[in-house]
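**Student:** Chain residues, written in single-letter form:
2 protein chains.
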Amino acid sequence: MDGLKSIDELNNAFSKRRDELYGQKNDGKKVFGLFCTFVPTELILAADAIPVGLCGGKEVTIPSAEEDLPRNICPLIKSSYGFKKDKACPYIEASDIIIGETTCDGKKKMFEHMSEMVKLHVMQLPHFRDERSAKLWLEEVRDLKELIEEETGNKITEEKLKEAIDKVNKLRELFYKVYELRRNKISPIKGTDALKLFQMSYLLDINTITGIIENLINELEERVENNEGYSGKRILIAGCPMVAGNTKIPEIVENIGGVVVGEESCTGTRQFENYVEGYSIEDLSSRYFKIPCACTYSNEDRIKRLKELVDEQKADGVIYYTLQNCHTFNIEGALVEKKLKEVGIPIVRIETDYSESDKEQIKTRLEAFLEMI
Amino acid sequence: MDGLKSIDELNNAFSKRRDELYGQKNDGKKVFGLFCTFVPTELILAADAIPVGLCGGKEVTIPSAEEDLPRNICPLIKSSYGFKKDKACPYIEASDIIIGETTCDGKKKMFEHMSEMVKLHVMQLPHFRDERSAKLWLEEVRDLKELIEEETGNKITEEKLKEAIDKVNKLRELFYKVYELRRNKISPIKGTDALKLFQMSYLLDINTITGIIENLINELEERVENNEGYSGKRILIAGCPMVAGNTKIPEIVENIGGVVVGEESCTGTRQFENYVEGYSIEDLSSRYFKIPCACTYSNEDRIKRLKELVDEQKADGVIYYTLQNCHTFNIEGALVEKKLKEVGIPIVRIETDYSESDKEQIKTRLEAFLEMI
Numbered sequence: 001m002d003g004l005k006s007i008d009e010l011n012n013a014f015s016k017r018r019d020e021l022y023g024q025k026n027d028g029k030k031v032f033g034l035f036c037t038f039v040p041t042e043l044i045l046a047a048d049a050i051p052v053g054l055c056g057g058k059e060v061t062i063p064s065a066e067e068d069l070p071r072n073i074c075p076l077i078k079s080s081y082g083f084k085k086d087k088a089c090p091y092i093e094a095s096d097i098i099i100g101e102t103t104c105d106g107k108k109k110m111f112e113h114m115s116e117m118v119k120l121h122v123m124q125l126p127h128f129r130d131e132r133s134a135k136l137w138l139e140e141v142r143d144l145k146e147l148i149e150e151e152t153g154n155k156i157t158e159e160k161l162k163e164a165i166d167k168v169n170k171l172r173e174l175f176y177k178v179y180e181l182r183r184n185k186i187s188p189i190k191g192t193d194a195l196k197l198f199q200m201s202y203l204l205d206i207n208t209i210t211g212i213i214e215n216l217i218n219e220l221e222e223r224v225e226n227n228e229g230y231s232g233k234r235i236l237i238a239g240c241p242m243v244a245g246n247t248k249i250p251e252i253v254e255n256i257g258g259v260v261v262g263e264e265s266c267t268g269t270r271q272f273e274n275y276v277e278g279y280s281i282e283d284l285s286s287r288y289f290k291i292p293c294a295c296t297y298s299n300e301d302r303i304k305r306l307k308e309l310v311d312e313q314k315a316d317g318v319i320y321y322t323l324q325n326c327h328t329f330n331i332e333g334a335l336v337e338k339k340l341k342e343v344g345i346p347i348v349r350i351e352t353d354y355s356e357s358d359k360e361q362i363k364t365r366l367e368a369f370l371e372m373i
Numbered sequence: 001m002d003g004l005k006s007i008d009e010l011n012n013a014f015s016k017r018r019d020e021l022y023g024q025k026n027d028g029k030k031v032f033g034l035f036c037t038f039v040p041t042e043l044i045l046a047a048d049a050i051p052v053g054l055c056g057g058k059e060v061t062i063p064s065a066e067e068d069l070p071r072n073i074c075p076l077i078k079s080s081y082g083f084k085k086d087k088a089c090p091y092i093e094a095s096d097i098i099i100g101e102t103t104c105d106g107k108k109k110m111f112e113h114m115s116e117m118v119k120l121h122v123m124q125l126p127h128f129r130d131e132r133s134a135k136l137w138l139e140e141v142r143d144l145k146e147l148i149e150e151e152t153g154n155k156i157t158e159e160k161l162k163e164a165i166d167k168v169n170k171l172r173e174l175f176y177k178v179y180e181l182r183r184n185k186i187s188p189i190k191g192t193d194a195l196k197l198f199q200m201s202y203l204l205d206i207n208t209i210t211g212i213i214e215n216l217i218n219e220l221e222e223r224v225e226n227n228e229g230y231s232g233k234r235i236l237i238a239g240c241p242m243v244a245g246n247t248k249i250p251e252i253v254e255n256i257g258g259v260v261v262g263e264e265s266c267t268g269t270r271q272f273e274n275y276v277e278g279y280s281i282e283d284l285s286s287r288y289f290k291i292p293c294a295c296t297y298s299n300e301d302r303i304k305r306l307k308e309l310v311d312e313q314k315a316d317g318v319i320y321y322t323l324q325n326c327h328t329f330n331i332e333g334a335l336v337e338k339k340l341k342e343v344g345i346p347i348v349r350i351e352t353d354y355s356e357s358d359k360e361q362i363k364t365r366l367e368a369f370l371e372m373i
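Quick mapping for you: the protein sequence lines, in order, are chains A and B.
Each residue of the first sequence is one higher than the last, beginning at 1 in full-length UniProt numbering.
Each residue of the second sequence is one higher than the last, beginning at 1 in full-length UniProt numbering.
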């Protein structure tokens, strides 16, 4: 079976992205650097500006972060901070402003350090998902809209917002379609490739990534027709984000004969599930507010959705993936494990960082898990 | 120099507290178990109910907590959870309801587990300290008032609230007075005893602790007159709470000839600084909202106040104390260190848990620190 042409296209687009981004910036477009899937990119697009995800998936920048931050916080936070400190991430360097959010203690407090190096705006994402918190979040989204308008000098008109909402909803629809295709007994795409798709969608221009996924879907449909693809024990990965540079877990899984059929993650379902159900700022705010992240107290919706996902993607088991020292996903993980086991879904919990040192150990555990399910 | 009689009185009152509490409970009073200094105890007192701090300072209950929770979260959270699981804390067992709050990821997510064992109400403490967040917090305080009224069947009248506010303000005033006395060149009280005072004030009846501190102040004033007390390198401990059972750091400091003259902590200044400046629910809410905790983004007020405290208490240096894996205090610690060093205040950062194993190592570091300052 040949490789997917659209994945080559993806890699190609990625290799050009840096220059493209600086080109767009030279043409006067403002760049908004983002850490998290909670920031409504529609507002940025509606102001003719560019949202771009920031680097944070590599071990190499962690040592310089550890000069300022404690060692025992999550590698994603340390890596991100180190990328800024080392000026090693072209997307951070291109950013006119960075938009942070209060999803976890580690990031929240890291921003206090980072704000000494960059222009930074932090959105308050409340802990609860009640009406009072929804109101606060809506005000935060409104503030962001104002800030974007000021920053870009462009008014976010109703028409512009509608256009942006349609555009991002369209991308969500395509991601759903990819997930549907992965439900086939022979999955037409490897998990590592699917993950790259999610990772790149944070970095690439939205039109580019949309085009690539459209092509990909054609290719995948063809494969399904020809019964081509990947079979083996079907794995859903659930938990922390795996940002660009970090494909550790799906790589291990697929090297030992498994196939990843879904990612319940910020680089996965949390990115595309739920559409913006209208064209108002309230509709926009509401969609993001509903993202079922472990930062929420309490988070039954996530567990419910996880069970459905296992079912939809016909997964044989779940790998619950936690970045080291991520308290929220880690503590919730114990609950998730309990609830999934209650309904007979096999689950294994892996806590790891970006280093290579535990790869063999994880491989051994996952081999045992795959054999067992 | 003889020991302080009022500290004997304190120990004596503590040894009787369990039976006294169950006696009050049998008389029909409701007990509200608390984890954190952010919960306005005035509301509980105004409903003729009993606020009581929960156990969480001992290593012994951590192993059973680690059956459910990750190992790499803070010892206070694990210890508290383990105390409930092992039914080992009389105050938790006596509690009709526990009031939690969203001060940190660890606690927030631990509550999801604990709520399967106890009746639990969680207050949403927002991340920010802006007007929007103050409003949300006020609504949370109002909810708590309603909940207490329901739970106790007692109406919190204006008069009752005034009485409770005066009572707690009076206790705060006494704590201030103790701090003032510790400013003397020869501090009339050891840090370990002062810490016990704060710890016990979470556990004892408010009238009892108020009486004891009044007696203590008389004793301390006498000592000051007679130039009796403790001298040596003067240390301010700043950072995480040291709850009952945990006197690790002040003990080490005072064993090597230092004297602790203040605790910038939830078992210290955060407990008594700032009065409730009126008798309305808004005044009450506002006092608690202003507590300068590391859970806040961002927290310049804390650093400012810390510098003042060093000055007021005539401290020679600061020990920044972090419980292991406490992200908020730990990450903020690096900022605090930087800002204090900028103005020439010596500071050493210690991260530790409840075990004995690192005591010698900490002793060596603190000996070097005391010698240096």
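Hints in this document: simulated from the structure, not taken from any laboratory.
Hints are supplied without guarantee of correctness; some may be wrong.
If chains are identical, the list can't say which one is meant, so a pair holds when it fits in one copy or spans any two.
Below, a list of computed lysine-lysine pairs in the BS3-like style, where the Cα atoms sit at most 30 Å apart [what the hints assert, rightly or not]:
| id | residue 1 | residue 2 |
| --- | --- | --- |
| 1 | Lys-338 | Lys-119 |
| 2 | Lys-162 | Lys-363 |
| 3 | Lys-162 | Lys-233 |
| 4 | Lys-87 | Lys-135 |
| 5 | Lys-290 | Lys-160 |
| 6 | Lys-119 | Lys-307 |
| 7 | Lys-30 | Lys-359 |
| 8 | Lys-341 | Lys-135 |
| 9 | Lys-25 | Lys-314 |
| 10 | Lys-290 | Lys-16 |
| 11 | Lys-341 | Lys-85 |
| 12 | Lys-170 | Lys-16 |
| 13 | Lys-119 | Lys-135 |
| 14 | Lys-177 | Lys-119 |
| 15 | Lys-341 | Lys-16 |
| 16 | Lys-85 | Lys-304 |
| 17 | Lys-341 | Lys-30 |
| 18 | Lys-160 | Lys-30 |
| 19 | Lys-307 | Lys-359 |
| 20 | Lys-290 | Lys-119 |
| 21 | Lys-196 | Lys-135 |
**Student:** Enumerate the violated hints, using their earlier numbering and listing them in ascending order.
**Tutor:** Those not satisfied are hints 2, 3, 4, 7, 8, 9, 10, 14, 15, 17, 21.
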